[in-house]
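J.: As a plain string of letters, each chain reads:
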Amino acid sequence: MNEAVEQSGHARELNLEEFTGEYPIRVRGLSTSFGEQVVHEGLDLDVKKGEILGVVGGSGTGKSVLMRSIIGLQIPDEGEIEVLGRSITDAQDDDDIDIRSRWGVLFQGGALFSTLTVAENVEVPLKEFYPEISPALMDEIARYKVVLSGLPEEATSKYPAELSGGMKKRAGLARALALDPELLFLDEPTAGLDPIGAAAFDELIVELKRAMDLTVFLITHDLDTLYEICDRVAVIADRKVIAVGTIPELLATDHEWIQEYFNGPRGRAAKATKDRLESAAKPAKGKPVDTPAKAGA
Amino acid sequence: MRELADYSLEPGGDGGATLAFHGPMVVSGIGPVDRKLRELDQAIARVDLSQVESLDTVGAWTAWRVARDHDAEIVGGSDEANRLIEAVKASEGKGEIRPERGNLAERVPEAVGEMVSGWGEGSKGVIGFLGAIVVAIGSVIRHPRRFRMKSLVRQIELVGVSSLGIIGLMSFLIGIVVAQQGAVQLEQFGAEIYTINLTGRLCLRELGVLMTAIMVAGRSGSAFAAQLGTMKLTEEIDAMRTIGVSPMEALVLPRILAAVLMLPLLGFYSAVVAIIGGAFIANFALDIPFFTFLTRIQEVVPIHDLWVSLVKAPVFGLIVALAGCYNGMQVKANAEEVGLRTTAAVVMAIFMVIVLDAFFAIFFTEVGWA
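These protein sequences, in sequence, are chains W and D.
Sequential numbering of the first sequence, starting at 1, is according to my numbering.
Sequential numbering of the second sequence, starting at 298, is according to my numbering.
Please note: incorrect hints may appear among the correct ones.
Cβ-Cβ distance ranges computed for the label pairs, FRET-style [to be verified]:
id, chain 1, residue 1, chain 2, residue 2, range
1, D, E393, W, E18, 51 to 61 Å
2, W, A111, D, E411, 23 to 33 Å
3, D, E393, W, S134, 35 to 45 Å
4, D, E532, W, L73, 37 to 47 Å
5, W, A161, D, R335, 49 to 59 Å
6, W, E203, D, R335, 54 to 64 Å
7, W, S33, D, N580, 54 to 64 Å
Here are the simulated DMTMM-like cross-link-like pairs (lysine to aspartate or glutamate), alpha carbons at most 25 Å apart as the crow flies [unchecked claim]:
id, chain 1, residue 1, chain 2, residue 2
8, W, K158, D, E300
9, W, K127, D, E411
10, W, K158, D, E411
11, D, K391, W, E249
12, D, K386, W, E207
To list a few chain W residues with every Cβ distance to chain D over 12 Å, as calculated [as the list claims (entries may be wrong)]:
id, residue
13, F34
14, R143
15, E249
Treat the hints as calculated values from the structure; they're not laboratory data.
From the three backbone atoms N, C-alpha and C, an ideal C-beta is built for every residue, glycine too.
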């Protein structure tokens, strides 16, 4: 087995105190730069408990950098980031480790460990944080998480190199969900999927969010995803979050980029689909299919 | 301490007991109770979830598995709990966790067989690769504009110029060791003046180029393998092909040429620095003045020693670069393979260099360049 993913074998002391606040993710005054290039300057963002927050912005506006900062992979120049009530920016490497058992991260390419099978990938976080779990239960968990993420059950013993791009994303999602996290970070989960696969992925996320009571931080360019599953949308432009709100609220602002984004041909098409689906669903079921939007202003 | 889930059994009238879970039925607290449950051997009619504090999918799975294995009914779960149980129930999978492995008696002969056939395949592959290089050279000769001068210059810098420091230092020290140790032995029969012959001939003919080849294999051969291997993994090489750029011409040829061109120069440089190192130690330890040492070198080292090393060096360069590029291009599937192939490149290169060096030593002696 690859040494990078070898397990330490002893149980960690974890602080798993329940988070009772309203905002599991709080970003204040975040500034990041790479040499001369300033990515974020005084960026603020709050993510509410139990919502799916979509993050949009043009290419290169620092959406992924923001996610990497929140999960502690990118140390910002300035600013405060709190996740589940604890500061990420002040944390030393070992202090914040137990927070990592409470979030799951899906990277753009899946970032699966290439020397392990899909199921072994899912078992890595389990073994790392809860080595006391019996191997039998570990295997059972890996199996159902893989199926829960929408992969066929035979996929468990496949190596990442044998999977298609979409399957890698699902396998990455299975690993992100391994510890039943409270927070889920998704970096462009539907990019590169076919429309049917992308719609199924969206549905899966809503389904999982409902079943597992997740808070989801979702970077996407997929307008359908934004319309279908996001409770609120944060727009990044000019190195900060220029607006956060439901899509109707965003449409009410007069920022040029937002207008162009949502009212461009693709934006209109996605909205039309959403409207059509809703009007079709209403008489049949009497209420919208989507989760109640706790969001709003 | 972490809170753990547990259960209690209440004997029931009909068909079996009621198993009541309590505590947090979540992934962080499930480990011990799961082990206990697996050893439980008792008829259970009902699984009671009403005292459970919190439940996640792992807890739901455990509750459902107990109910399934004992043919029991789940009672007392909240709506949320029932939803979770439905979700995991629908997701039960039976796939293998890891690919099946045969027993040891089968695996060992299989591994040996694979290794042996791998040697055969490998030699065939290397010869094929050499052929592809020749073809690439041919097409570059026919279309000289396709030759990547910039790339060659860059590789010459990496293979040659930037290794001058480390090769110089290594050679200087080797010169010192050879001269000093040689002198200790030769002194025993009063022939320490032959230290000069020993140092000069050995370094120029053998050590300079051999040590340089080993150093270049470690520095550049490994870099070739790792870089090409990573490019293979990230599909950069496929992308080049689709654009119509031949990876052979664009990547392999400049590296091979750079190594073939640089090794004679580096080998000669190494020999010169080693002789200086020998002269340096002779000056202090053997009372042979520095410049006397250098003058004597001209008298005692025949010129054909230089020719020998200059014939060997490009061949060694070819082998080092070939091993690096070939192994790099063979990478597929995963990151571990980049490491394995890089190791293989260096081992293959050093081994072949030493084998060929032995061959050259005998060959040149036989043809009279003793």
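J.: Would you mind marking each hint as holding or not holding in the structure?
T.: Verification of the hints:
no.: 1; hint: E393(D) to E18(W): 51 to 61 Å; in the structure: violated (37 Å)
no.: 2; hint: A111(W) to E411(D): 23 to 33 Å; in the structure: holds (30 Å)
no.: 3; hint: E393(D) to S134(W): 35 to 45 Å; in the structure: violated (18 Å)
no.: 4; hint: E532(D) to L73(W): 37 to 47 Å; in the structure: violated (24 Å)
no.: 5; hint: A161(W) to R335(D): 49 to 59 Å; in the structure: violated (34 Å)
no.: 6; hint: E203(W) to R335(D): 54 to 64 Å; in the structure: violated (35 Å)
no.: 7; hint: S33(W) to N580(D): 54 to 64 Å; in the structure: holds (56 Å)
no.: 8; hint: K158(W) to E300(D); in the structure: violated (35 Å)
no.: 9; hint: K127(W) to E411(D); in the structure: violated (33 Å)
no.: 10; hint: K158(W) to E411(D); in the structure: holds (22 Å)
no.: 11; hint: K391(D) to E249(W); in the structure: violated (46 Å)
no.: 12; hint: K386(D) to E207(W); in the structure: holds (14 Å)
no.: 13; hint: F34; in the structure: holds (21 Å)
no.: 14; hint: R143; in the structure: violated (4 Å)
no.: 15; hint: E249; in the structure: holds (30 Å)
In summary, the structure is inconsistent with hints 1, 3, 4, 5, 6, 8, 9, 11 and 14 from the numbered list given earlier, while agreeing with the others.
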